[in-house]
Amino acid sequence: MSNIQEKIQKEKEQAREVCSIEGAASGECAAAWDAVEELQAEASHQRAKAPQKNSLEQYCDMNPDAPECRVYED
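Letter by letter, the sequence shown follows residues 60 to 133 of this note's numbering.
Among the clues, some could well be false.
Derived DEER-like restraints, expressed as beta-carbon distance ranges [said to hold, decoys possible]:
(1) E101 / Y131: 56 to 62 Å
(2) P126 / A100: 26 to 32 Å
(3) E72 / Q105: 31 to 37 Å
(4) S79 / R129: 55 to 61 Å
(5) E72 / S114: 38 to 44 Å
Derived by calculation from the structure, the hints in this document are not laboratory data.
Only a predicted model underlies this, so the values are computations on that prediction, with no experimental measurement involved.
The C-beta atom is built at its ideal place from N, Cα and C for all residues, glycine as well.
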C-alpha cells in the first residue's frame with residue numbers, strides 16, 4: 060500500500076509544478092490533478108477490498124493466549 064502512497068505524493072508534486080508553470084486554470088493543471096484523484100480513488104478501493112476482521116479475530120490478535128483463541132489441530 061505504501062507504493063501507491065508514494066505515487067500519490069509524486070503526482071501531487073508534479074501537479075503543483077505543472078500548475079505553477081502553466082497556471083491554475085490550464086488544462087494541463089486540471090489533468091495533473093485528475094491523475095492525483097484517480098490514484099487516491101484506487102488507494103481507497105484497495106483499502107475497501109482488504110478483508111475486515113471480526114471482533115473475535117481482533118480480540119485474539121490482542122490476546123493470543125486467551126482460551127477462546129486456542130487452535131487445535133487434528
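How the hints compare with the structure:
no. : hint                    : result
1   : E101 / Y131: 56 to 62 Å : 41 Å, violated
2   : P126 / A100: 26 to 32 Å : 44 Å, violated
3   : E72 / Q105: 31 to 37 Å  : 22 Å, violated
4   : S79 / R129: 55 to 61 Å  : 60 Å, holds
5   : E72 / S114: 38 to 44 Å  : 41 Å, holds
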